[in-house]
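Work the whole structure out from these sequences, hints included.
There are 2 protein chains.
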Amino acid sequence: MVMTATESSTSAARSFGPAVALSCRECGQRYALGPRFACEQCFGPLEVAYEFGDVSRESIARGPNNIWRYADLLPVPDNVADLPNMNPGLTPLVRADRLAAEVGMRSLHVKDDSGNPTHSFKDRVVAMAVEAGRTFGFTTLSCSSTGNLAGAVGAAAARAGFRSCVFIPAGLEEGKIVMAAVYGGQLVAIDGTYDDVNRFCSELIGDPAGEDWGFVNVNLRPYYAEGSKTLAYEIAEQLGWRLPEQIIVPIASGSQLTKIDKGFRDLVKLGLVEDRPYRIFGAQATGCSPVARAWENGHDVVQPMKPDTIAKSLAIGNPADGPYVLDVCQRTGGSVVHVSDAEIVDSIKLLARTEGVFAETAGGVTTGVLRKLIAEDGLDPQAETVVLNTGDGLKTLNAVDSGVTATIKPSLDAFKDAGLL
Amino acid sequence: MVMTATESSTSAARSFGPAVALSCRECGQRYALGPRFACEQCFGPLEVAYEFGDVSRESIARGPNNIWRYADLLPVPDNVADLPNMNPGLTPLVRADRLAAEVGMRSLHVKDDSGNPTHSFKDRVVAMAVEAGRTFGFTTLSCSSTGNLAGAVGAAAARAGFRSCVFIPAGLEEGKIVMAAVYGGQLVAIDGTYDDVNRFCSELIGDPAGEDWGFVNVNLRPYYAEGSKTLAYEIAEQLGWRLPEQIIVPIASGSQLTKIDKGFRDLVKLGLVEDRPYRIFGAQATGCSPVARAWENGHDVVQPMKPDTIAKSLAIGNPADGPYVLDVCQRTGGSVVHVSDAEIVDSIKLLARTEGVFAETAGGVTTGVLRKLIAEDGLDPQAETVVLNTGDGLKTLNAVDSGVTATIKPSLDAFKDAGLL
Numbered sequence: 001m002v003m004t005a006t007e008s009s010t011s012a013a014r015s016f017g018p019a020v021a022l023s024c025r026e027c028g029q030r031y032a033l034g035p036r037f038a039c040e041q042c043f044g045p046l047e048v049a050y051e052f053g054d055v056s057r058e059s060i061a062r063g064p065n066n067i068w069r070y071a072d073l074l075p076v077p078d079n080v081a082d083l084p085n086m087n088p089g090l091t092p093l094v095r096a097d098r099l100a101a102e103v104g105m106r107s108l109h110v111k112d113d114s115g116n117p118t119h120s121f122k123d124r125v126v127a128m129a130v131e132a133g134r135t136f137g138f139t140t141l142s143c144s145s146t147g148n149l150a151g152a153v154g155a156a157a158a159r160a161g162f163r164s165c166v167f168i169p170a171g172l173e174e175g176k177i178v179m180a181a182v183y184g185g186q187l188v189a190i191d192g193t194y195d196d197v198n199r200f201c202s203e204l205i206g207d208p209a210g211e212d213w214g215f216v217n218v219n220l221r222p223y224y225a226e227g228s229k230t231l232a233y234e235i236a237e238q239l240g241w242r243l244p245e246q247i248i249v250p251i252a253s254g255s256q257l258t259k260i261d262k263g264f265r266d267l268v269k270l271g272l273v274e275d276r277p278y279r280i281f282g283a284q285a286t287g288c289s290p291v292a293r294a295w296e297n298g299h300d301v302v303q304p305m306k307p308d309t310i311a312k313s314l315a316i317g318n319p320a321d322g323p324y325v326l327d328v329c330q331r332t333g334g335s336v337v338h339v340s341d342a343e344i345v346d347s348i349k350l351l352a353r354t355e356g357v358f359a360e361t362a363g364g365v366t367t368g369v370l371r372k373l374i375a376e377d378g379l380d381p382q383a384e385t386v387v388l389n390t391g392d393g394l395k396t397l398n399a400v401d402s403g404v405t406a407t408i409k410p411s412l413d414a415f416k417d418a419g420l421l
Numbered sequence: 001m002v003m004t005a006t007e008s009s010t011s012a013a014r015s016f017g018p019a020v021a022l023s024c025r026e027c028g029q030r031y032a033l034g035p036r037f038a039c040e041q042c043f044g045p046l047e048v049a050y051e052f053g054d055v056s057r058e059s060i061a062r063g064p065n066n067i068w069r070y071a072d073l074l075p076v077p078d079n080v081a082d083l084p085n086m087n088p089g090l091t092p093l094v095r096a097d098r099l100a101a102e103v104g105m106r107s108l109h110v111k112d113d114s115g116n117p118t119h120s121f122k123d124r125v126v127a128m129a130v131e132a133g134r135t136f137g138f139t140t141l142s143c144s145s146t147g148n149l150a151g152a153v154g155a156a157a158a159r160a161g162f163r164s165c166v167f168i169p170a171g172l173e174e175g176k177i178v179m180a181a182v183y184g185g186q187l188v189a190i191d192g193t194y195d196d197v198n199r200f201c202s203e204l205i206g207d208p209a210g211e212d213w214g215f216v217n218v219n220l221r222p223y224y225a226e227g228s229k230t231l232a233y234e235i236a237e238q239l240g241w242r243l244p245e246q247i248i249v250p251i252a253s254g255s256q257l258t259k260i261d262k263g264f265r266d267l268v269k270l271g272l273v274e275d276r277p278y279r280i281f282g283a284q285a286t287g288c289s290p291v292a293r294a295w296e297n298g299h300d301v302v303q304p305m306k307p308d309t310i311a312k313s314l315a316i317g318n319p320a321d322g323p324y325v326l327d328v329c330q331r332t333g334g335s336v337v338h339v340s341d342a343e344i345v346d347s348i349k350l351l352a353r354t355e356g357v358f359a360e361t362a363g364g365v366t367t368g369v370l371r372k373l374i375a376e377d378g379l380d381p382q383a384e385t386v387v388l389n390t391g392d393g394l395k396t397l398n399a400v401d402s403g404v405t406a407t408i409k410p411s412l413d414a415f416k417d418a419g420l421l
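Chains as they are written, first to last, in this note's numbering: chain A, 1 to 421; chain B, 1 to 421.
Calculated directly from the structure, the hints in this document are not laboratory data.
None of the values given here were measured: they were computed from a predicted structure.
Watch out, some of these pointers could steer you wrong.
Note that the list lumps identical chains together, so a pair holds whenever it fits in one copy or between two copies.
Unchecked claim - The list that follows gives simulated cross-link-like pairs (lysine-lysine, DSSO-like), each with its CA atoms no further than 30 Å apart:
| id | residue 1 | residue 2 |
| --- | --- | --- |
| 1 | K416 | K262 |
| 2 | K306 | K372 |
| 3 | K262 | K372 |
| 4 | K409 | K306 |
| 5 | K306 | K416 |
| 6 | K409 | K269 |
| 7 | K306 | K269 |
See below:
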């Protein structure tokens, strides 16, 4: 199934816009675009390779107010904006002056991906997988998920008319469970960690029972992962077509961080932004910090660990893209840092109190890492910096103990007696 | 304090863009723009009066991707887009082909306002009140709220640097309580209904203790209420600058419905859309249906009732704009309809299953009313129709009993044994 030179112009390729092949990240071997994810030669992960056409700031500005404005840079059909899809993206880039003042930064933005349809960045990656799944003729969409992905797949499958069956570790937050179930697909909890769920899905995909199933983060993973590039495109466009000097990205599998780097490099290559240095910082919770620990110890191999943290959306103990994250952070002059659950909660509240952004635990991780980097002189407080919030506080309510200040009778006297003035 | 002709061009007026005065909806008496809400002559409610300048589809398209693209039609300063505000709006207008097919409509869209920063339409109205509060020099933002508004005020106050103190009836959904509290302001629960909370706030506003408080839905209400016009503007623009033929709007105080009508008429007056008939339908929960009952009985007075429904965001038993809602629905050829809690839950699930939109109970009310209107021949299934979803299912999790299909061990055999294939 290794591709020949002419295969890049088959009709299948036209369903993938500027994408021309899958290419092994390890050995560079190329394959025709298909539902495959591992190299037959070296078992390395496959990623999408492109031949971009003419793309300008103007052609992008003429596109819709969602990720499909970047369709010319993504593995999706030309008419993608007309197909039933969740149309995520173009979420707010919040100018965080009050947070900046409080932590001592000059120029700070929060990219708030809770603005997506199911309120996490996962809508971006699932939108890609839906198009690939449609092209390959899959009838069921599936995934292993720490919660946000399950909701995104359930919603997108409903919108696009797929069956769905998604797998989560038992014990997730109620908001994530209800949101994954409400769209009417099957939601199966697995007794075990996310990594157990992932292994189970690999088993199912090799079984005839899973034959016409598109697992968005397994056999559709090369397409799916490209969705994270849109975070890089949007941030640059929203900054006025400029790369940020520093960006803090949460790490679960690590894929998002590597794709943001790929997205920034796409923009430089296409002449859409000036080529200036940027530093990428990875953020983990101490209770699931395999990549941060490898970074601290100077290892290039990531030792798996069993997660124990409130940041469940980042609780992947054996992150597939860990080594690539280490490469990117090394190359760009960043680092990988972890913060405790207490720091996560404190940072969720700080972000809410200063900017009115209610982040899920993953946003507490990135904001906490920002504070830690500042305290440890790990980044430049004068440089233009972006912090990612990838999810929504409404899905991790139990992480914060916020509640009413007081309950009173409906009278002015009762209010005054309560000492609240 | 009744205004003279020249007062419309004072410096205060410039802080309110095209707004030139407040005008009594009952007797037409005009007042200078200020923190007032009731007519001194007849106690009627005041609303904003405008002298619009040149506004074109092109000037709007050049604006930002949020409600400030309509700043020339709103009571806000010219530089509003540069001020710290939540910048809500331009939420998705979802083409609901699958829902349309299931209920038997030709052309159906869902305007999904869960895409706003705190995931309800309240961000639109609060954004207006923040600007008015800033201009009037208030230091505390406050409100009476059924939940969504409390979160919107808390977030916007944090972003804009106000203190906040918000009042809710005791017993709201957990998601709404946590979201209102997390931004660090005061959250006070009142033993009583929303209508009790509202009366309490009117008492506080007359007390010296509330002197520098801006109550977004009391003394800032004329400005606040204008925010709902942006729903009309967006729907028309997103349909390609065309008014929908039918629209279904939830009723709490009734303000939103009347302002959508005002917004449509603005667009016709300015020549931005063709003047064609549209019908506005009001939607209530049976357990809080004072306006629907008045409609059924042919009354033009709305008899208050004590709310008892899962649709807590619509649980206003004494709706201030009830009579105006009756007028609008009468004039446009619509009606006011109510649905039971069971129909609400069923409709939340229908919307989720067909379109991947997870609505709060208010969205179940509008979708339920759509089905009821179809069943009763109350609307034209061939006409272009928009259903409003004003809030987010994550805030009313308990309304739906969705959960995992099964919990299994991480093995293919366990999956097959569970009979899920």
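May I ask which of the numbered hints given earlier this structure violates, with the numbers listed in increasing order?
-> Hint check: 1, 6, 7 fail, others pass.
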